[in-house]
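Protein chains in written order, with the UniProt record's numbering: chain A, 1 to 253; chain B, 1 to 290.
If you're looking for bench data, these hints aren't it; they were derived computationally from the structure. Worth double-checking, as some hints may not be accurate.
Claimed, not checked - Calculated cross-link-like contacts (lysine-lysine; reagent style DSS-like; alpha-carbon spacing at most 30 Å): (1) B/LYS202 <-> B/LYS185; (2) B/LYS130 <-> B/LYS66; (3) B/LYS185 <-> B/LYS289; (4) A/LYS10 <-> B/LYS130; (5) B/LYS289 <-> B/LYS130; (6) A/LYS203 <-> B/LYS227; (7) A/LYS203 <-> B/LYS72; (8) B/LYS289 <-> A/LYS214; (9) A/LYS32 <-> A/LYS203; (10) B/LYS72 <-> A/LYS10; (11) B/LYS202 <-> B/LYS227; (12) B/LYS66 <-> A/LYS135; (13) B/LYS66 <-> A/LYS203; (14) B/LYS130 <-> A/LYS203; (15) B/LYS202 <-> A/LYS214; (16) A/LYS32 <-> B/LYS289; (17) B/LYS289 <-> A/LYS203; (18) B/LYS66 <-> A/LYS243; (19) A/LYS135 <-> B/LYS130; (20) A/LYS135 <-> B/LYS289.
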Amino acid sequence: MTQLPPPSAKKLGLVIDLDTCVGCHACVVSCKGWNTENYGAPLSDQQAYGADPSGTFLNRVHSYEVQPDQGEAQLIHFPKSCLHCEDAPCVTVCPTGASYKRAEDGIVLVNESDCIGCGLCAWACPYGARELDAKEGVMKKCTLCVDRIYNENLPEEDRQPACVRTCPAGARHFGDLGDEESDVSKLVAERGGFDLMPEQGTKPVNKYLPPRPKDEMPEFDVLAPYLEPVASDGKGFVGWLDKALSSLPGGAK
Amino acid sequence: MHPAASVIIFNTFSGLGFGLLFWLGLGVLVPTGMSAFIWFTLAYLFAVGGLIASTFHLGHPERAVKAFSQWKTSWLSREGVCAVIALIVMAIYGAGLVFAGTRLALVGIIGGVASLGVVFTTSMIYAQMKTVPRWRHWTTPAMYLLLSISGGALLSGQIRIAAVLLIAGGILQIFAWGVGDTRFKTSGTDMATATGLGHIGKVRAFEPPHTGTNYLMREFIHQVGRKHADQLRIITIGLAFVLPVILLLLPFSHILAAVAVLSHIAGVLTLRWLFFAQAEHVVGLYYGKR
Numbered sequence: 001m002t003q004l005p006p007p008s009a010k011k012l013g014l015v016i017d018l019d020t021c022v023g024c025h026a027c028v029v030s031c032k033g034w035n036t037e038n039y040g041a042p043l044s045d046q047q048a049y050g051a052d053p054s055g056t057f058l059n060r061v062h063s064y065e066v067q068p069d070q071g072e073a074q075l076i077h078f079p080k081s082c083l084h085c086e087d088a089p090c091v092t093v094c095p096t097g098a099s100y101k102r103a104e105d106g107i108v109l110v111n112e113s114d115c116i117g118c119g120l121c122a123w124a125c126p127y128g129a130r131e132l133d134a135k136e137g138v139m140k141k142c143t144l145c146v147d148r149i150y151n152e153n154l155p156e157e158d159r160q161p162a163c164v165r166t167c168p169a170g171a172r173h174f175g176d177l178g179d180e181e182s183d184v185s186k187l188v189a190e191r192g193g194f195d196l197m198p199e200q201g202t203k204p205v206n207k208y209l210p211p212r213p214k215d216e217m218p219e220f221d222v223l224a225p226y227l228e229p230v231a232s233d234g235k236g237f238v239g240w241l242d243k244a245l246s247s248l249p250g251g252a253k
Numbered sequence: 001m002h003p004a005a006s007v008i009i010f011n012t013f014s015g016l017g018f019g020l021l022f023w024l025g026l027g028v029l030v031p032t033g034m035s036a037f038i039w040f041t042l043a044y045l046f047a048v049g050g051l052i053a054s055t056f057h058l059g060h061p062e063r064a065v066k067a068f069s070q071w072k073t074s075w076l077s078r079e080g081v082c083a084v085i086a087l088i089v090m091a092i093y094g095a096g097l098v099f100a101g102t103r104l105a106l107v108g109i110i111g112g113v114a115s116l117g118v119v120f121t122t123s124m125i126y127a128q129m130k131t132v133p134r135w136r137h138w139t140t141p142a143m144y145l146l147l148s149i150s151g152g153a154l155l156s157g158q159i160r161i162a163a164v165l166l167i168a169g170g171i172l173q174i175f176a177w178g179v180g181d182t183r184f185k186t187s188g189t190d191m192a193t194a195t196g197l198g199h200i201g202k203v204r205a206f207e208p209p210h211t212g213t214n215y216l217m218r219e220f221i222h223q224v225g226r227k228h229a230d231q232l233r234i235i236t237i238g239l240a241f242v243l244p245v246i247l248l249l250l251p252f253s254h255i256l257a258a259v260a261v262l263s264h265i266a267g268v269l270t271l272r273w274l275f276f277a278q279a280e281h282v283v284g285l286y287y288g289k290r
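Produce the complete structure using the sequences and hints provided.
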């Protein structure tokens, strides 16, 4: 049913650390790898090696430049996947009941055998977390690797989403954001984790941790005295050469 | 938003068809026998033809029947339910006129209101979208309803009602464009809230996630053709509203009436194209685009 269940006590989700993410896209690759072989329809590519390649991804890494009023611009890598919102607008718009939010752990899923591929849930999602697969004609989205996290056939360390398991920088954390004592909740509290587009009223479960302030580098360099421009005093042969070259047509003054 | 041909055709022709059914149901014109058969066939061709066209953009149209189940939350589902009710009730009313020559007044009124209900539920699919600030406004359902009943009045040849409704429609559309143009900017959603990085400084999209395009960019970011929006708005107002009104005010002839209807349809098709092409989805912000 596309009526949202009452808020679950357990809210499984991700915490993404924008301070640590190095933008390597390993999470994108491991996500596509796991999810194209397991839960639901494969994630197809169109013209993967052609002139206009395109494909379905459940997780994409954007990169943003942020320019403060003072100082250097910062480059921030920004992974984005389904935020498993508490007030998920993608669920209530679904005409068939294919799109649903699990009452037990809050994961938002698509029942692909009921999906008519109308695309309305993707319209309702402000985050671009849903992509209609061009080959299968059904809506694909992050499942929070529901087929890994409860899978007792996997070793315990692998029972987390593929993106979290693979992240080499430790920028992705998985856990229960409904439990204030969980590691992820503590991390969010400690680092000031925030919601994306809070004004849209979706109440995302996933949180983002802001980049830490940049360290201030002291202006000290042992090599500096040896690397001064040589002609600054304008004496001797170098000084004469500087003047002579400057007097040529088009020479630097 | 991507202006899909199937959805533009659906919105235009189903709107006209249900608008005609509305006037037929209200009994503003009460044809009987063969003439009733022709009127109802025309209305059903438009209404059902548009509905069929709308299934062309589905990934799995063969499962469309499942879409009737979620009317409690989904406007798309409500639209489907409303359409079935309107078409069945109006078929009963039409059968009475065609075969028995009797007007089942109450059935007609229920069917007429249900026909407008289809148009309203369709408009709410768009108006509910918080992600598309331009659509999330009372002018969206108002414009859908006004276009439907004015088109229906024009088709059924009620000159005075059609002229008044068309003038009102043109004015409301100009107003809707005017208030719609700034709504994305004033919606409170921008690159700072999208990324949550606004507290550091000015956010600029540096690199997209992939070198190629994707479903999101094809579906939600439509910039091609928006540059001609001003000319297309003038064409829309001219064809959909001004020309039909002028033709209606001239001494009546069937050829002028046919030209008025064709001009109105062409204008509404342009209007619907703009409705989608000019609508900006907030997801474009993640790509530094609108």
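Holds or violated: are the alpha carbons of B/LYS289 and A/LYS214 at most 30 Å from each other? OK: B/LYS289 and A/LYS214 at ~28 Å, within 30 Å.
Mind checking the alpha carbons of B/LYS130 and B/LYS66 for me, to see if they're no more than 30 Å apart? Since the Cα atoms of B/LYS130 and B/LYS66 sit roughly 25 Å apart, the hinted pair holds (cutoff 30 Å).
B/LYS185 paired with B/LYS289 [C-alpha distance capped at 30 Å]: 13 Å, holds
Check the hint pairing A/LYS32 with B/LYS289 against an upper bound of 30 Å on the C-alpha distance. Holds. A/LYS32 to B/LYS289 sits at ~25 Å (cutoff 30 Å).
CA of B/LYS72 to CA of A/LYS10, is that 30 Å or under? With a Cα-Cα distance of about 26 Å, the restraint between B/LYS72 and A/LYS10 holds, given a limit of 30 Å.
Can you confirm whether the C-alpha distance between B/LYS289 and A/LYS203 stays at or below 30 Å? 24 Å, holds
A/LYS203 and B/LYS72: Cα distance at most 30 Å? Cα-Cα ~22 Å, so holds.
Taken at face value, is the distance from the CA of A/LYS135 to the CA of B/LYS66 at most 30 Å? OK: B/LYS66 and A/LYS135 at ~21 Å, within 30 Å.
Would the hint linking A/LYS32 and A/LYS203 be met if the CA-CA limit is 30 Å? Distance of about 26 Å is within 30 Å: holds.
For the pair we were handed, B/LYS66 and A/LYS243, check the Cα-Cα distance against 30 Å. Not OK: B/LYS66 and A/LYS243 at ~85 Å, beyond 30 Å, violated.
Would you check the hint for B/LYS202 and B/LYS227, treating anything up to 30 Å between C-alpha atoms as holding? Roughly 27 Å between the alpha carbons, so the hint for B/LYS202 and B/LYS227 holds.
Decide if the proposed pair is consistent with the structure: B/LYS130 and A/LYS203, CA atoms, cutoff 30 Å inclusive. Holds - the C-alpha atoms of A/LYS203 and B/LYS130 are around 14 Å apart, at most 30 Å.
When held up to the earlier numbered hints, the structure conflicts with 6 and 18 and fits the remainder.
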